[in-house]
Amino acid sequence: MIPMLLSGLAAIGFIAFSAMFLIWLERKISAWIQNRMGPMMTGFHGTLQPIADTIKLLLKEDIVPKGVDFLSWWLAPFFVTVPVVMAFLVIPFSPKWIALDLNVGVVYICSVTSLCVLGIFMAGWGSNNKYSLLGGMRSAAQIISYEVPLLLSVLLVVMEAGTLSMQGIIHAQSHGWFILKPHLTLAFLIYFISATAEVNRVPFDIPEAESELVAGYHTEYSGMKFAMFFVAEYTNMFIISAIATTLFLGGWQGPWLPGVVWFLLKSYGVIVLLMWMRWTLPRVRMDQMMSFAWKVLTPIALLNILISGWFMVK
Amino acid sequence: MGDLVTINMGPQHPSTHGVLYLELQLDGEVVVGCKTHLGYLHRSIEKIAENRTYTQFIPFTDRLDYLASMNNNLGYCLAVEKLLNVAVTPRAQYLRVIIAELNRVVSHLVAIGTFAQDLGAYATPLFYAFSDREKIVELFDSICGSRLTYNYMRIGGVSGDIPAGTEQVIKDFIKYERKQLIEYNELLTYNAIFLARSKNIGILSKEAAINYSVTGPILRASGVKWDLRKEEPYLVYDQFNFDIPVGTVGDSWDRFKVKLDEIEQSLRIIEQAIGAIPEGNPVSKVNRVFRGTGEIYLRTENPRGELGFYLVAEGGFNPTRCKIRSPSFSNLSALEELIKGLNISDAVCVLGSLDIVMGEIDR
Amino acid sequence: MQNSEILSLIKNKFPELLAEETPHGLVIPKTNLLDVARFLKTELGFENCHCVTAVDRKDRIEVVYHFYSFTYHFMLTLKIILSMNDLTVESVASLWRSADWLEREVYDLFGVRFLNHPDLRRIMNPDEWTDYPLRKDFKREDFIPRPVSPGLKG
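Residue numbers (the working numbering), protein chains in the order written: chain A, 1 to 314; chain B, 1001 to 1363; chain C, 2001 to 2154.
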């Protein structure tokens, strides 16, 4: 019981720290891409900026707009944040550092992360704001349809590794990362694109779509509730990068350095890629995005499974 | 057909470019009706003109199209000069051309940056465009002491000569900006997502464009080769060599591309003008107060289209009537028809490509 | 192309029209506006209605149209003179779409009513207003006109 509690606390601590670091990193990367300095005033190169932001958000008035659907309005931030914490249960930071090595780890993490859409839709519905409602509906459509190619690409990894446990998949890569095999490279690309859509990042940031929907589903949230959405967003980004690291990039494996360092390095590398994309690409349109999921990604993923499955069986 | 949802887009909205208020009727995400409400920035500048002398009104023209203040100054001063028969020295004419074209570059840079922002390219193109713009704005600061509302043109010339060394700064800028234009093409113009978002969106046909009295880059994007600087040259534009970029389809992408190409043409004009700038006094010896009678309707090619000043004078120190025919006003009137049947994302894209400035629509 | 040429063309088409030429454009009676406008657009090629505005001359209001022809590079100024007790004129919005908003603006600022206009509402000022701010006799407590400058010695 006590180790479980401790690991839970560690996960929450890590989430808070990681989200703060990612927010700082995002601001710095965007600044570098845009030929400016980013936050510079608080601490060395603005390192204390996220802490200042957190304090500001904590002290802000919690505004409840008129006519909200009170239950879903209140519960939405929790529905977004709790699955994020739950997902940390099976993330293998190193051979030892894993809270619980479930034998169905992959299934667990995929099902838990897709719970987020519930919270987002509740926020969109409960806010009593048409922009939020549009954002929530877009989000539901988007996340549910990108779940399909995402799971199909993960399925291929499971077929290759022959196990559903996260540690087992990493052990299966001890002779070479999965991304180096051609059919899994394709699977990685499909996974990466779908995961970008899962976490609503550019070019698939349609639910938020600042220039169209103001801020989408979290338009009406302020203060700590907004902070929870924010933390959940950045932690989600970490989780999908951690999954990518585990499934395709060899997890904690690597020479010289300890496993946990390798794992974090690889995960943050994937995150930097996501951020780089965010600050360079325009946004696609709703219908374009949906047709891309159903007409391009899903058939390719299915074909990939069929062909490589045929080779495996043969 | 389900129930329609009415969405109030604006007057406070990230992508309505000021205080425009669109009342959108949505069927799902498709716009089925649009009602435009103007007037949130209405300051009745035309009434102010009737209560000020001719010279006193020049600063107010800055506040029309605040991204192209120099061009507004120029249009007004040209109209008054023609109404009251004031002569302008050749040096002033060249200076006016250079300054007006530099301001056109600034204005188009902002248009490109904000259009990319509307398409969801977060801030990066905007920052690129604004750091280019900063160079010219600083130059204007050294010329007339102001960064946004310049009040530089005067009836009969300009307020003062350019400081020493300005020519070199402009030459350096031309070199720098040409490199940047290549970068914009790489970053935006031929980006697959950018093309998918703006190609064939909001097509404005040639006939509709003329019928709506759309002018400027938007008219040219619809395939009409029409530029006042070429067709009815004012100042010394007839002495320069430049092309008129024309679009083929009249979609949002064409409107973007025409603006990008026009920057290059403006740079060409500046390059030629700066080599041929004559010596002399940039300010004509003229009265400070003017009075006269007559009527004049004079148009100039502003970055956003044809800016017209209709001045009626009845002998007093003030004009009896000063009608400002602003290009954005007519350009915006085409919006309601353009966005019907489009997605809300495309509506934002079309609005961004029309490149309106509320300051001159509401006046 | 000159004003006089267009005047003679109009006179040929409409013999009983009382059009006259002033130094600043053609003046036609308001009853014939729509016919003349249609003639200008369809037969003379003035495909662009560049500007519609009005001028308050204290005893009368002039509605001023600027039509442009791309082929002749010519801007035609057409005026209608309205007496203050009958500020109505036919709308030309059915011929040129650009006239729609421009006429609304004239209605908003001068109170000239355009008959058969598709959507004649105030465009800039609040709908509940009753004054017309660009008229010379415009009076509101919060509007103080600037005293006429005596002029500097220049």
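Take the hints with a grain of salt, since some may be wrong.
[What the hints assert, rightly or not] Simulated DEER-style distance windows between Cβ atoms:
| hint | chain 1 | residue 1 | chain 2 | residue 2 | range |
| --- | --- | --- | --- | --- | --- |
| 1 | B | Pro-1014 | A | Gly-8 | 36 to 42 Å |
| 2 | B | Lys-1035 | C | Lys-2136 | 29 to 35 Å |
| 3 | B | Glu-1207 | A | Pro-182 | 52 to 58 Å |
| 4 | C | Trp-2129 | B | Gly-1145 | 37 to 43 Å |
| 5 | A | Trp-294 | B | Leu-1195 | 39 to 45 Å |
| 6 | B | Thr-1149 | C | Pro-2126 | 25 to 31 Å |
| 7 | B | Val-1249 | A | Arg-36 | 35 to 41 Å |
[To be verified] Calculated lysine-lysine pairs in the DSS-like style (CA-CA distance at most 30 Å, straight line):
| hint | chain 1 | residue 1 | chain 2 | residue 2 |
| --- | --- | --- | --- | --- |
| 8 | B | Lys-1082 | C | Lys-2041 |
| 9 | A | Lys-130 | B | Lys-1047 |
| 10 | A | Lys-130 | B | Lys-1035 |
| 11 | B | Lys-1179 | A | Lys-295 |
| 12 | A | Lys-181 | A | Lys-314 |
| 13 | B | Lys-1082 | C | Lys-2013 |
| 14 | B | Lys-1047 | C | Lys-2136 |
| 15 | B | Lys-1225 | A | Lys-66 |
| 16 | B | Lys-1206 | C | Lys-2079 |
| 17 | C | Lys-2030 | C | Lys-2011 |
| 18 | B | Lys-1135 | A | Lys-28 |
| 19 | B | Lys-1225 | C | Lys-2139 |
| 20 | B | Lys-1230 | B | Lys-1179 |
| 21 | C | Lys-2139 | B | Lys-1340 |
| 22 | B | Lys-1175 | B | Lys-1206 |
| 23 | B | Lys-1047 | C | Lys-2011 |
| 24 | B | Lys-1047 | C | Lys-2079 |
| 25 | B | Lys-1047 | C | Lys-2139 |
| 26 | C | Lys-2041 | B | Lys-1206 |
| 27 | A | Lys-130 | B | Lys-1340 |
| 28 | B | Lys-1047 | C | Lys-2058 |
| 29 | C | Lys-2011 | B | Lys-1035 |
| 30 | A | Lys-295 | B | Lys-1340 |
| 31 | C | Lys-2136 | B | Lys-1199 |
| 32 | C | Lys-2139 | B | Lys-1230 |
| 33 | C | Lys-2136 | B | Lys-1230 |
Bear in mind the hints are in silico, worked out from the structure with no lab data behind them.
None of the values given here were measured: they were computed from a predicted structure.
C-beta: ideal position from N, C-alpha, C; glycine also.
Do the hints match the structure? See the list:
no.: 1; hint: B:Pro-1014 x A:Gly-8: 36 to 42 Å; verdict: holds, 39 Å
no.: 2; hint: B:Lys-1035 x C:Lys-2136: 29 to 35 Å; verdict: holds, 32 Å
no.: 3; hint: B:Glu-1207 x A:Pro-182: 52 to 58 Å; verdict: holds, 54 Å
no.: 4; hint: C:Trp-2129 x B:Gly-1145: 37 to 43 Å; verdict: holds, 39 Å
no.: 5; hint: A:Trp-294 x B:Leu-1195: 39 to 45 Å; verdict: violated, 21 Å
no.: 6; hint: B:Thr-1149 x C:Pro-2126: 25 to 31 Å; verdict: holds, 27 Å
no.: 7; hint: B:Val-1249 x A:Arg-36: 35 to 41 Å; verdict: holds, 36 Å
no.: 8; hint: B:Lys-1082 x C:Lys-2041; verdict: holds, 28 Å
no.: 9; hint: A:Lys-130 x B:Lys-1047; verdict: violated, 39 Å
no.: 10; hint: A:Lys-130 x B:Lys-1035; verdict: holds, 18 Å
no.: 11; hint: B:Lys-1179 x A:Lys-295; verdict: violated, 39 Å
no.: 12; hint: A:Lys-181 x A:Lys-314; verdict: holds, 17 Å
no.: 13; hint: B:Lys-1082 x C:Lys-2013; verdict: violated, 34 Å
no.: 14; hint: B:Lys-1047 x C:Lys-2136; verdict: holds, 9 Å
no.: 15; hint: B:Lys-1225 x A:Lys-66; verdict: violated, 53 Å
no.: 16; hint: B:Lys-1206 x C:Lys-2079; verdict: holds, 28 Å
no.: 17; hint: C:Lys-2030 x C:Lys-2011; verdict: holds, 15 Å
no.: 18; hint: B:Lys-1135 x A:Lys-28; verdict: holds, 24 Å
no.: 19; hint: B:Lys-1225 x C:Lys-2139; verdict: violated, 46 Å
no.: 20; hint: B:Lys-1230 x B:Lys-1179; verdict: holds, 26 Å
no.: 21; hint: C:Lys-2139 x B:Lys-1340; verdict: violated, 41 Å
no.: 22; hint: B:Lys-1175 x B:Lys-1206; verdict: violated, 35 Å
no.: 23; hint: B:Lys-1047 x C:Lys-2011; verdict: violated, 37 Å
no.: 24; hint: B:Lys-1047 x C:Lys-2079; verdict: holds, 21 Å
no.: 25; hint: B:Lys-1047 x C:Lys-2139; verdict: holds, 12 Å
no.: 26; hint: C:Lys-2041 x B:Lys-1206; verdict: holds, 16 Å
no.: 27; hint: A:Lys-130 x B:Lys-1340; verdict: holds, 19 Å
no.: 28; hint: B:Lys-1047 x C:Lys-2058; verdict: holds, 15 Å
no.: 29; hint: C:Lys-2011 x B:Lys-1035; verdict: violated, 41 Å
no.: 30; hint: A:Lys-295 x B:Lys-1340; verdict: holds, 27 Å
no.: 31; hint: C:Lys-2136 x B:Lys-1199; verdict: violated, 49 Å
no.: 32; hint: C:Lys-2139 x B:Lys-1230; verdict: violated, 45 Å
no.: 33; hint: C:Lys-2136 x B:Lys-1230; verdict: violated, 39 Å
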